[in-house]
Amino acid sequence: MKKLITMLLVSFMVFASLTGCNKPEEPEAKAIKIGLSGPLTGGAAIYGQAVRNGALLAIAEINAKGGLQLELKMEDDEADSTKADTAYDVLLDWGMQVSMFTVTSGAGSGVAPRYDADHIFALTPSGSAPALVYSDTKVYATTFQMCFSDPNQGVGSADYIKTHNLGTKVAIIYKSDCVYSTGIMQKFVDRAAEIGLEIVFQGAFDDSSATDFTTQLQGAKAAGADVMFLPIYYTPASSILKQAADMGYAPVFFGVDGMDGILTMEGFDTSLAEGVYLLTPFAADATDDLTVHFVTEYQKAYGEIPNQFAADAYDVVYALYQAMVAGGVTYDMTAQEIADIMIAQFTTMTFDGVTGTSVTWAPNGEVSKAPKAVIITNGVYVNAE
Amino acid sequence: MAFLSYLINGMGLGSVYAIIALGYTMVYGIAKMLNFAHGDVIMIGAYTAFYCLTLFKMSTFASIIIAIIVCTVLGILIERLAYKPLRKSSSLSVLITAIGVSYFLQNLAQILFGTDPKVFPELMKNSTFSLFDGQLTLSYKTLLTIIVCILIMIALTIFVNRTKTGKAMRACSQDKEAAQLMGINVDNTISITFALGSGLAAIASVLLCMTYSTFNPTLGSMPGIKAFTAAVFGGIGSIPGAFVGGLLLGIIETLTKAYLSTQLSDAIVFMVLIVVLLIKPSGLLGKKIHEKV
Amino acid sequence: MEKTIRKIFDKKHISRTISYLVVIGGFVAVQLLMNTVGIKSLFRSLLVPTCCYIVAALSLNLVVGVSGELSLGHAGFMSVGAFTGIIICGVLEPYLALNWLRLLIAIILGGVAAAIVGLLISIPVLKLQGDYLAIVTLAFCQIIKSLLNNIYLGIDSNGLHFSFIENRVSLIPGGKMLLSGPMGATATTRLATFTAGFLLILLSLLIIYNLTYSRYGRTIMAARDNRIAAESVGIHIRNTKMLAFVISACLAGMSGALFGLNYSTLQPAKFDFNLSILILVYVVLGGLGNITGTIIATLILYALPELLRGLQDYRMLIYSIILIVIMLITNNRKLKDKTDALIADIKARLPKKGSAAHD
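The listed protein sequences derive, respectively, from chains V, E and C. Numbered according to this note's numbering, the first sequence spans residues 68 to 452. Numbered according to this note's numbering, the second sequence spans residues 18 to 310. Numbered according to this note's numbering, the third sequence spans residues 3 to 361.
If you're looking for bench data, these hints aren't it; they were derived computationally from the structure. Hints may contain errors.
Derived DSS-like pairs (lysine-lysine); straight-line CA-CA distance at most 25 Å [unchecked claim]:
| id | chain 1 | residue 1 | chain 2 | residue 2 |
| --- | --- | --- | --- | --- |
| 1 | E | Lys181 | E | Lys49 |
| 2 | E | Lys49 | E | Lys297 |
| 3 | E | Lys74 | V | Lys309 |
| 4 | V | Lys132 | V | Lys97 |
| 5 | C | Lys349 | C | Lys338 |
| 6 | C | Lys336 | E | Lys193 |
| 7 | V | Lys367 | V | Lys140 |
| 8 | C | Lys42 | V | Lys140 |
| 9 | C | Lys340 | E | Lys105 |
| 10 | C | Lys349 | E | Lys49 |
| 11 | C | Lys42 | V | Lys100 |
| 12 | V | Lys140 | V | Lys97 |
| 13 | E | Lys181 | E | Lys193 |
| 14 | C | Lys129 | E | Lys297 |
So that you can see chain V by itself, here it is in the shape it has in the complex (with noise of 0.2 Å):
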């Protein structure tokens, strides 16, 4: 008779844990519920855990005000594709109302159509692919982007070392199994071809192969080339700098907006890092009053200068809050209510942030922001301009 009874508490339990998801758990809400997924482990957990201070920060200064109040909740997706689809049903579980969407591309590209399918406004910090925004046949009306676009990086880059003189002969390695390299890497050749920015070298890595790049290095030596361009994320980065700087080549090293971070490595040298440039929309030593008080608070909260995944994802809070109030976006609404005033608010409104000042937004989701090149000098960005 006990079994029994035990049997059927354990039945009960798992059903009790499986359903009823269509009902709110308590019944006046007090807060927007924002979702937000990213790597909070793994190699690119510097970008997750930056973003996620960077919010954090705006949404505590807005709920301070006392107004419309704001609620955030990370699922770790360890930059994923897979993971980042479970993290996408855990928040929907949660009852997320509008979205900061997936921190990095990878994450972002698998739930990029779910996102628009359940009809759920995402705005994402820093996954600067295009296939967040649009496919090949599609384009997702409820994805936004905060940061400037992968073919926009692509192209910046090619400019900015034409323009510059950085060097003669390029020579590039990618992360091939990344669409965030990939896809600048692919803009970054094409965008060479048109304005005659010869490219000597390329050369391919993928999960499996991010540790050792002596050979690619060696083959781009070999190659002649004077500047290196690194559309990858700050982890092999580190390795390639170190590696390159072990066999005494070195050439000016050119990166984008995932080498930002290389910095805060722990235990990375960062005198390797002398000279080397990279994309980024937010300079922390800017002198305007927002980008101060940012930085301030910022560092006042964690000890840390911010980076620009810290300053995007603070803009992001604010973007989505101008917006809501705007739109006057109340707690009980859906999230699908929420979407159509966001989408409605996005492609009208102008916003400035600490990472550019009138921004708007095309239909199709993509930000009207240009990078900028910083140099890093003495361990911090100077502007290279």
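Mind docking chains E and C on chain V? Use the hints.
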């Protein structure tokens, strides 16, 4: 000239494979089992050396010694706890256990040390020199790796052929029961083999981290499988075979990366393994063993 | 009719009946839940992968449990099936509006493709034994992954475009990349359904039970238990093992096709050594050769940690300990006796408590 530098780099990589392959080949020779966890012993070695260097600020030499000690103890522990109870079981169960141990170490490391890659501290600075009027630049690290590998090979050959323990190891690998009848403690000999292989894994881990600079809990898995390929290639159970197999595999891998495609290099390395196993299962320098009924 | 009924409740076939009951019961229960109270989306999205893993584990059990050869490359067959399925669906999309029919064709062709690959691989693999056999299956899995990582395939109104190693596929507007090298398939239409997964499990149960209870099944098991003895009574070992291997590959391919069509983005790197090991853990915990056990083990090991997200970090650690402990207990006389005694002890105590409650 580029070809020469690829070749030398391939030899550097191959030397690391060779040192790891020794661990596989000796254990396979004696215990007739594929110690799948060997690659993860390397990873533990890397973390030990890393924390000795960064957290406890020890000297390079002391860190390497401690890494060797930790790996040796770990090797003996794994053998005693997981493999020894299964010595008379089918190879299927032993292999599954070995995979279990490998995953256990990897996931334990993920929980203890985190999945984020760690940057290994610099042990040798400004370490390049040029030959042929600067046309060929080599790093001391590569040379050091090759030299360490050769020294280990020589030392191990002397150990196996000349010392009493070495002779006991050879006796056990040929016939355990006969060896036992001759008064050899088979259990201890197998433990010593595991200890030796794991100690070498610690050296390999430091060499790997010196060249790669970043590492994470999966550091050992790929080099481990490739080193096993090298051991089979050279002839399992043979020490010179591990050396030759390791070097050849390293060179094949580097040249494929340089002249064919980075993404195909794994495919080609494993192709080599399959072809060797089908055409000459005893490897380049191994002896053919007949199955007894 | 009477014969069939007797067969169902026959002691010899009781485990078969239980397997079918577990699967059908699970399906009905979930369907009921879905149509009455509704289920959490996390749970809903786990349904199809769970089915895929069950089929993959069942098929691996055919090789490891029934045939007694350790295959470490099962993910490779899933991978072949998955990407074949995705390509077929992509190609058929403009011509065939019926989703279920496209899914069916994709699953069948995914299975066929994996079976062909399995047949090709089994020729060299089954020449080897023991550890060497295991490591070669692992090598093949890696090779499949590497090759898929280099395939670029696109489709537009001019037909299919293919290139290897470098992406030289240029499509006219309106075209679509089906496979882009290491990035795999992107923006796939999700076709997989829970019903399809359920039917696939039923199909694999049907195939596996019929195979193991047939003459072939008995020869396969004879070859597993004593190769030399089996050979001496005239069993052609390679042919029997090859049959098991190819059927297993085919089922794995089918499960892969269903798995692949459950995600909109899928990289070849997803089907790596870790996945092969994961499936192996299900098989080992369920009991080598035990089909009901495999299904239940998969349900517990896959679905539970996903539902209890807090356990995620420890999941693989727990699995590895399960692997080691089960191997030690089942293979070591001393440990086996001790656990048996322990279990007997616990059993002896339980009814006591029960009777105390009745007093």
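Hint by hint, here is what the structure shows:
{"no.": "1", "hint": "E:Lys181 / E:Lys49", "in the structure": "21 Å, holds"}
{"no.": "2", "hint": "E:Lys49 / E:Lys297", "in the structure": "18 Å, holds"}
{"no.": "3", "hint": "E:Lys74 / V:Lys309", "in the structure": "21 Å, holds"}
{"no.": "4", "hint": "V:Lys132 / V:Lys97", "in the structure": "15 Å, holds"}
{"no.": "5", "hint": "C:Lys349 / C:Lys338", "in the structure": "16 Å, holds"}
{"no.": "6", "hint": "C:Lys336 / E:Lys193", "in the structure": "22 Å, holds"}
{"no.": "7", "hint": "V:Lys367 / V:Lys140", "in the structure": "23 Å, holds"}
{"no.": "8", "hint": "C:Lys42 / V:Lys140", "in the structure": "17 Å, holds"}
{"no.": "9", "hint": "C:Lys340 / E:Lys105", "in the structure": "18 Å, holds"}
{"no.": "10", "hint": "C:Lys349 / E:Lys49", "in the structure": "39 Å, violated"}
{"no.": "11", "hint": "C:Lys42 / V:Lys100", "in the structure": "17 Å, holds"}
{"no.": "12", "hint": "V:Lys140 / V:Lys97", "in the structure": "15 Å, holds"}
{"no.": "13", "hint": "E:Lys181 / E:Lys193", "in the structure": "16 Å, holds"}
{"no.": "14", "hint": "C:Lys129 / E:Lys297", "in the structure": "12 Å, holds"}
Violation of the numbered hints given earlier is confined to hint 10; every other hint is satisfied by the structure.
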